[in-house]
Structures are given as structure tokens and as C-alpha cells.
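Peer 1: So the chains spell out like this:
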Amino acid sequence: MTLWWAIAAVCLGCYALKLAGLAAPRRILDHPVVSRFAELVPVALLAALIAVQMFSENGELRFDPARTAGLGGAVVALLLRAPFLVVLATAAVITALVRSFLG
Amino acid sequence: MDTTGYRSAAIRDGLGVGVAVGLSGLAFGAAAITAGLSVAQACVLSLLTFTGASQFALAGAVGAGGNLVAASAGALLLGGRNTLYGLRMADLLRVRGPRRLLAAHGVIDETAAVTLAQPTPAAARAGFVTTFASLYITWNLSTLGGALGTSFLGDPAVLGLDVVGPATFLAILWPRLAASAELRWLALGGAAIALGATPFLPPGVPVLLSAAAVLVVMAR
Chain A
1 MTLWWAIAAV CLGCYALKLA GLAAPRRILD HPVVSRFAEL VPVALLAALI AVQMFSENGE
61 LRFDPARTAG LGGAVVALLL RAPFLVVLAT AAVITALVRS FLG
Chain B
1 MDTTGYRSAA IRDGLGVGVA VGLSGLAFGA AAITAGLSVA QACVLSLLTF TGASQFALAG
61 AVGAGGNLVA ASAGALLLGG RNTLYGLRMA DLLRVRGPRR LLAAHGVIDE TAAVTLAQPT
121 PAAARAGFVT TFASLYITWN LSTLGGALGT SFLGDPAVLG LDVVGPATFL AILWPRLAAS
181 AELRWLALGG AAIALGATPF LPPGVPVLLS AAAVLVVMAR
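Sequences listed follow chains A and B, in order. Here the first sequence stands for residues 1 to 103, numbered as in our numbering. Here the second sequence stands for residues 1 to 220, numbered as in our numbering.
Same shape as in the complex, but just chain A (with noise of 0.2 Å):
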């Protein structure tokens, strides 16, 4: 499976998921279950995606300061209410300063 396919995949899944939602009758919603599944998923897959992407490389984990110090100005950032991409900067920004002092 080349990476075209795998983003070809996506594209149609993701799309077909969407229709699914407007075209859906409305009652799957009141079931209990689905709606308390599917506020559940995405916050531990997003917050797995997080702890991999920060602490693991090419199936190793690995703890990199640079990286850790970044994230870590984005919490800051994130509980002084700060706009998203002020967010985004200043984890991008941390993590280079401090990659570039440690060499």
C-alpha cells in the first residue's frame, strides 16, 4: 500500500463518514451508547496521538527535552486562554530555543 493509497483511503473515508452523519436518521443519536462512544474516542486517540508524537521515534520511545519544553509552553500558553495560534508558536518557538542551547 503506497502512500497515495493510504491518502486516497482517507479522503473517500473521511467524506463517506460526513454524508453518513446528514444522511443518517436521526434517532441513532438517541441511543445512549453511540453518543457516549463517540464523545469518548477522540479524546483518548487525541491524547495517544499526543504522548506518541512527543515521546516515541520510529517505534523506540525516547524523551526529548526540546520537544517536552515545548509542549509544556503550550499548556502555559493554552491556561493563560492564549488564541490558538499564539498556542501553536510558542511551543514551536520553545522547542527551537531550547534545541538550539542544547546543541
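Quick caveat, the hints were computed from the structure, so don't treat them as lab data. Hints are supplied without guarantee of correctness; some may be wrong.
To list a few chain B residues with every Cβ distance to chain A over 10 Å, as calculated [as the list claims (entries may be wrong)]:
(1) ASP2
(2) VAL39
(3) PRO121
(4) ALA133
(5) TYR136
(6) ILE137
(7) LEU141
(8) LEU144
Taking beta-carbon pairs under 8 Å as the criterion, some of the chain B residues facing chain A (in silico) [what the hints assert, rightly or not]:
(9) SER24
(10) GLN41
(11) GLY60
(12) GLY65
(13) SER72
(14) GLY190
(15) LEU195
Chain A stretches covered by chain B per the calculated footprint, using a threshold of three residues with CB under 8 Å from any CB of chain B [what the hints assert, rightly or not]:
(16) 6-20
(17) 43-57
(18) 73-86
Glycine included, C-beta positions come from ideal geometry on N, C-alpha and C.
Position chain B relative to chain A; hints supplied.
Peer 2: Relative to chain A, chain B alone:
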């Protein structure tokens, strides 16, 4: 406020959200190139997938050298929440036929947030159209800009761009984590499962496995 007032307020909301969030396409373009995608691949994802978390997830898994099937499955699982937004918005938008096929592409986090917050159906429709249009244009142009810029820069890690993907996910998650202790535990559990499985499973699979934390929370 009269009917017209509600509509113009919805249009203002939509433009604000669309342009601000759309600019984070810069981050996606940068993350995609960092992960090894081409400029064309980054742009096709933004044009045709048009749902940020899934795009970042696919790029991130590819960058980690992951199995492409697991990477695609992770992206699709994240795209599943758009189905729920569609269910909630169908009554408000009332679109049929070709217009429904077009509207479906715009069913994402940001359009749902603006649309579902409006006081009247007319304002909801105006908010949906404005958010969709402004976000689609800005997101795609800034993806192109971020991708081109990053591919000219050489090593993106020097600029700290490798932290942008995780920081984006954190910013998306933040309001939910701030509102609920249960969701904070779920997030920690998902992260712990994924990291614990990382040394033993191919890249991409540990992230899918984190969904097991959802079953634990639901069984309680």
C-alpha cells in the same frame, strides 16, 4: 435581536472561526512535509479530507514510519466524530440532493461549533455556510503556504515544527479536559496505553489500542 441581527452575528462568528482556525493549515502543511509527505500530498489531504485531526494523525503516523493501514484506520476513527456532527446538524441545515453532497464536506468540528450555537435555523444555516467557505479557503491556502515554506527550509526540527502536531491536538482537546475530570483520566489512560504498547507493536497500532481506555470508562 431581530432575525437579520442573528444572521449577521452568525456570519461574523463564522468568519472569525474560519479565518483563525484556517491559518493553522500552516501547521498542517509544515507537519506533513516534516513527516515526509510531498507538497501535493499535503494539499490533496486538505482539499479532499478537510478534517484537521485526521490529517494530522495520518501525517504523524507516516512520519513515525508507521504501518499505512493502521495509520489510515486511526485517521478514519478520528473522522468518525464528524458523523455525529452531521446527525446533529441535519435538522438545521435541511439539505437534499446535490446540495447535501456539497454540505457534507463541510461537516467538521468548527462548522458544528458555530452552527449548533446559533439561536435560529436561519442563523445556523448562515453560520454553517460562512464557516465552511472561509475555513475551506484559508485552510487550503495556508496548507500550501506551510508545505512550500517548510520544504524550502530544510530541517524542520531546527524550527521546532515537530512539536506543532502534538500542540495542535492538545489545543483541540483542552476545553474538554478543562471541563471534566473523567475525560482527563481517559486522556491519561489513552496516552499510557499507547506509550506502553509502542515498543511492542508497529507504529500506528498503539494509537488505535488507546480506544480500549474508552471501554473501561464506559463499563464503569
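Peer 1: Against the structure shown, which of the earlier numbered hints fail to hold, in ascending order?
Peer 2: none
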